[in-house]
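Engineer: Please take these sequences and the hints and turn them into a complete structure.
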Amino acid sequence: MQLLDSFIFITLLKAAVVFGVLMTTLAYLQWVERKVIAHVQVRPGPYRVGPHGLLQPVADIIKLLTKEDLLPPYVNKPLYLLAPFLAISMALLSISVIPFGPTIQVGPVTTWMQLTDLNIGVLFILAVSSMSVYGIALAGWASNNKYALIGGLRSSAQMISYELPMSLAIAAPLLISNTLSLRQLVEAQSGGIFNWNILHGPFPQVISFIIFTIAAFAETNRVPFDLPEAENELVAGFHTEYSSMKFASFFMAEYANMITVSAMATLLFLGGWMAPWPAAWGSSLVPTAIFAIAGATALYHGANAARKRDKLTLPVFGIIFLIIAGVFLLPMVQSWLLPLFWFAGKTGAILFLFIWVRATLPRFRYDQLMGFTWKFLFPVAMLNLLVTAFLVAWTTK
Amino acid sequence: MSESGVPELVGAGVEEERSQSGGRRMVLNMGPQHPSTHGVLRLVLELDGETIVSCQPEIGYLHTGIEKEFEVKNYQQAVTLTDRVDYLAPLSMNLGYCLAVEKLLQLEIPPQAQWMRVMLTELTRLNSHLVWLGTHALDIGAMTVFLYCFREREEILKIFEQFSGQRMMTSYFRIGGLALEPPRGWHERVKTFIDAFPSRIDEYENLLTNNRIWIGRTKGVGVISLEDMLDLGVTGPMLRAAGLKMDARKDAPYSSYEKFDFEVPTRTENDVYARYLLRLEEMRQSLRIIRQAMDGMPPGPWKADAPHVVLPDREKMKTQMEALIFHFKIVTEGFRVPEGEVFQVIESPRGELGYYVVSDGTTMPYRVHMRTPSFGNLQAVPKMVEGVLIADVIASIGSMDFVLGDTDR
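As you go down the protein sequences, you meet chains H and Y in turn.
Be aware that the first sequence starts at 1, since it is given in our numbering, and climbs by one per residue.
Be aware that the second sequence starts at 398, since it is given in our numbering, and climbs by one per residue.
I should point out that these hints are in silico values taken from the structure, not numbers from a laboratory.
Some clues are possibly wrong.
What the hints assert, rightly or not - Simulated crosslink set (SDA-like; lysine to any residue; CA at most 20 angstroms straight-line):
id	chain 1	residue 1	chain 2	residue 2
1	Y	465	Y	451
2	Y	647	Y	658
3	H	35	Y	540
4	H	35	H	371
5	H	14	H	79
6	Y	555	H	370
7	Y	555	Y	613
8	Y	588	Y	613
9	H	311	H	45
10	Y	555	Y	581
11	H	375	Y	613
12	H	375	Y	609
13	Y	555	Y	578
14	H	67	H	42
15	Y	616	H	370
16	Y	616	Y	663
17	Y	780	Y	448
18	Y	656	Y	693
19	Y	642	Y	623
20	Y	616	H	67
21	H	35	Y	543
Claimed, not checked - Per the computed footprint, the stretches of chain Y lying under chain H, defined by three or more beta-carbons under 8 angstroms from a beta-carbon of chain H, are:
id	region
22	537–547
23	608–617
To be verified - Facing chain Y, from chain H, some residues (calculated, C-beta under 10 angstroms):
id	residue
24	32
25	35
26	37
27	41
28	42
29	146
30	147
31	224
32	359
33	362
34	367
Ideal Cβ placement from N, Cα and C applies to all residues, glycine included.
Structural biologist: Following this line, the structure appears as structure tokens:
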């Protein structure tokens, strides 16, 4: 009993759960990305390993683990080895202050669905994400490769420049909610979609949400700001000289950062785990309805299978979806499963945006990228912050 | 190995030196193995920061010795070599060579074969432009356009396969006509394709033409004056995007091009964006030509009536003594081409393609020289990229649409 109650045990357990969930999400985010882009580009995507390529991430991990781990002779060894470690640890560190939902009761223990409720969570994430620049800059420099160097330089300049509009965009909702704790930020947004910061008066934060999203694309080196790894100019950018798990670390760091910024956007602007309308109006039935429709669709297509192998796989998915739909109706799990659903749903929508944009847009040029942030994003973010601050001061008098 | 771990540049004549701003200049070796040099082009770039100070293209990594090999193949066999030169426009390569030799032989090609040649070379132009658009867009980061383009290209390759049995190295045009009788059902297949194609071009335009990032990356980039281009021997869409209406299909019509109604599009902006719009317009014009060729396809034979050059029909060979003799002679020895020399120009998708064929009266060419468009176009690289950013080098060389096989031969 004492063991179960002890702070260290619970924290370790939560860390393990969060780490496990995050890693699985990382791997499957990649699968989703490949699938979505494939369907945009009229091709099937991963299809061979497991039903609909569902085991592809596992295959990828095995492949990356067993690849030869090459250490080029001309690199700066300590920094070369430190860089991927720095990148991945910084990316994973920032997830520790992100709350996924309200309290959860497991047996006798009641705890927050969050690793640590830091009262300056927002600042912590900003600080850690600034640190992650080091991973990339060091990788580029230590590789002693010209393409990697240019990639690393581009990346550091880009991330530092885009941090400014990002911070300014974050500051505006903080002014409204008057807190730096991510948990209190979400709690201030409870009570329906019109209390979310993106629509909440005195001044709806649509502009800061857009600026935050754009800056997030740049922070995570995604298309259209993926210059550091612009394959067609710089071969592979800062990770040109990395192989095996060291390469995978950069890769995972990028996806972990994507998840973090999407979660941040959800928490700051989209009301975190709050439902868009009160449960009295049936918001608790939404997940059941979605999963039931998905299950029914899968069963229907399984019955009229276009491909032979779908005959078996789609009904299985359909039944799984229907079971999930049923689980959402159970009152004992609803209290924590519903917030988790809304949080995951909103984060997932933003992640989908990331993937969608990647399939659609070409890439900026370096000087255009810098001009865009300094001449456009930064002034707009500044103006937005000033107006918000003025309105907040005016209404709270 | 030099200090920096990059192999010493052999004969490149570029040395790292201090720039005016005080920092050291960096020499970047782009290629031969680089994702966007489209083959094995090597660019030795001297950089000041990310700005190009000088650029020196090096070619020859794909040298195949094809021009020399022409001299040990008989005239008909040599057709198969031409495919391998510009592997993205094999039928244009076939056509130029066949026209040159036919000029020496003074053969008259029946109208159906001529029309068929026009239709298939225009399909080749579409094929080549699609590969260009796809890879060019991919270089600038638009991944989806690439796959859309290859979806349409696949259909063209299937049409080629239906005609010749081969997807890429078709060798479908032979001296004296076509290699095989046009297959049954080609008309429907080509028609389905060209009916669907205009909407596909609109699809590419949707993704790119009004895209702010695309415009930002291509407008005003890769500009080189018309005089410089003419001095360096640049031809094709690059010249037309600079406002010079030069197209061998209009200026020196071959294979009945004078009977087709089409425009030669030109633009005046002379940048990467103009070249992109120009090539899209060329695709639309090619569609017009294909449609005319298909609808007005004259009936008649598909190979010339020249028993000493063209293989006889199987049926005739089995029943007529004369045909059998010709067959034996053509197969064992080839045909003799009268002494002389000839230069034939056609408009390949990349520009002006010239074949210079010298015959000494035997069954093999004495010399075949190709004036390939990629070689000429590539000369413009240094002039085009000096003083721009690395990212613009990619956009600029992408807009030239060269094929390294075509450059090195």
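Engineer: Are the hints correct? Go through all of them and say.
Structural biologist: Here is what the structure says about each hint:
Note on residue 465 (chain Y) and residue 451 (chain Y): the hinted pairing is violated, with a Cα-Cα distance of about 34 angstroms set against a maximum of 20 angstroms. Among the hinted pairs, residue 647 (chain Y) with residue 658 (chain Y) is consistent with the structure: their alpha-carbon atoms are about 10 angstroms apart, no more than 20 angstroms. Restraint check for residue 35 (chain H) and residue 540 (chain Y): the C-alpha separation of about 14 angstroms stays at or below 20 angstroms, so the hint holds. With a C-alpha separation of about 34 angstroms, the suggested pair residue 35 (chain H) and residue 371 (chain H) falls outside the 20 angstroms cut-off, and the hint is violated.
Between the alpha carbons of residue 14 (chain H) and residue 79 (chain H) the distance comes to roughly 32 angstroms, so the proposed pair goes past 20 angstroms and is violated. For a cut-off of 20 angstroms, the pair hint linking residue 555 (chain Y) to residue 370 (chain H) is broken: about 45 angstroms separates their Cα positions. Of the pairs offered as hints, the one joining residue 555 (chain Y) and residue 613 (chain Y) is violated, with about 36 angstroms between alpha carbons and a cut-off of 20 angstroms exceeded. About 37 angstroms separates the Cα atoms of residue 588 (chain Y) and residue 613 (chain Y), which puts this hinted pair outside 20 angstroms; it is violated.
About 19 angstroms separates the Cα atoms of residue 311 (chain H) and residue 45 (chain H), which keeps this hinted pair within 20 angstroms; it holds. Distance check on the hinted pair: residue 555 (chain Y) and residue 581 (chain Y) sit about 14 angstroms apart at the alpha-carbon level, within 20 angstroms; holds. This hinted pair checks out: residue 375 (chain H) and residue 613 (chain Y) have alpha carbons roughly 15 angstroms apart, not beyond 20 angstroms. For a cut-off of 20 angstroms, the pair hint linking residue 375 (chain H) to residue 609 (chain Y) stands: about 16 angstroms separates their Cα positions.
At roughly 17 angstroms between alpha-carbon atoms, residue 555 (chain Y) and residue 578 (chain Y) fall within 20 angstroms of each other, so this suggested pair holds. Distance check on the hinted pair: residue 67 (chain H) and residue 42 (chain H) sit about 31 angstroms apart at the alpha-carbon level, beyond 20 angstroms; violated. At roughly 18 angstroms between alpha-carbon atoms, residue 616 (chain Y) and residue 370 (chain H) fall within 20 angstroms of each other, so this suggested pair holds. With a CA separation close to 16 angstroms, the supplied pair residue 616 (chain Y) and residue 663 (chain Y) stays within the 20 angstroms bound.
Distance restraint check for residue 780 (chain Y) and residue 448 (chain Y): the Cα-Cα separation of roughly 14 angstroms lies within the 20 angstroms cut-off, and the hinted pair is therefore satisfied. With a CA separation close to 10 angstroms, the supplied pair residue 656 (chain Y) and residue 693 (chain Y) stays within the 20 angstroms bound. For the hint linking residue 642 (chain Y) to residue 623 (chain Y), the alpha-carbon distance of about 12 angstroms falls within 20 angstroms, and the restraint holds. For a cut-off of 20 angstroms, the pair hint linking residue 616 (chain Y) to residue 67 (chain H) is broken: about 43 angstroms separates their Cα positions.
Restraint check: the Cα-Cα separation between residue 35 (chain H) and residue 543 (chain Y) comes to about 17 angstroms, which is no more than 20 angstroms; the hinted pair holds. A stretch counts as covered by a chain when three or more of its residues have a beta carbon under 8 angstroms from one of that chain; for the region 537–547 of chain Y and chain H the count is 7, and the coverage holds. Using a Cβ-Cβ cut-off of 8 angstroms, 5 residues of the region 608–617 of chain Y lie near chain H, which meets the minimum of three, so the contact claim holds. Look at residue 32 (chain H): its Cβ only gets to about 16 angstroms from chain Y, farther than 10 angstroms, so that hint breaks.
The restraint placing residue 35 (chain H) at the interface with chain Y is violated, with a minimum CB-CB distance near 14 angstroms, outside the 10 angstroms limit. Residue-level restraint check for residue 37 (chain H) holds (minimum Cβ-Cβ distance to chain Y is 7 angstroms; threshold 10 angstroms). A cut of 10 angstroms between beta carbons decides the hint on residue 41 (chain H): the least distance to chain Y is about 4 angstroms, and the hint holds. Hint status for residue 42 (chain H) relative to chain Y: holds, with the closest Cβ pair at about 6 angstroms, below 10 angstroms.
The criterion of a C-beta within 10 angstroms of any C-beta in chain Y is met by residue 146 (chain H), whose closest approach is roughly 5 angstroms, and the hint holds. The beta carbon of residue 147 (chain H) comes within 8 angstroms of a beta carbon in chain Y, closer than 10 angstroms, and the hint placing it at the interface holds. Interface restraint check: residue 224 (chain H) against chain Y, minimum CB-CB distance 6 angstroms, threshold 10 angstroms, status holds. The criterion of a C-beta within 10 angstroms of any C-beta in chain Y is met by residue 359 (chain H), whose closest approach is roughly 5 angstroms, and the hint holds.
Restraint check, residue 362 (chain H) versus chain Y: the minimum CB separation of about 4 angstroms is within 10 angstroms; hint holds. With a cut of 10 angstroms, the hint placing residue 367 (chain H) at the interface with chain Y holds, because the nearest CB-to-CB distance is about 6 angstroms.
The structure does not agree with the numbered hints 1, 4, 5, 6, 7, 8, 14, 20, 24, 25 stated previously, though it agrees with the rest.
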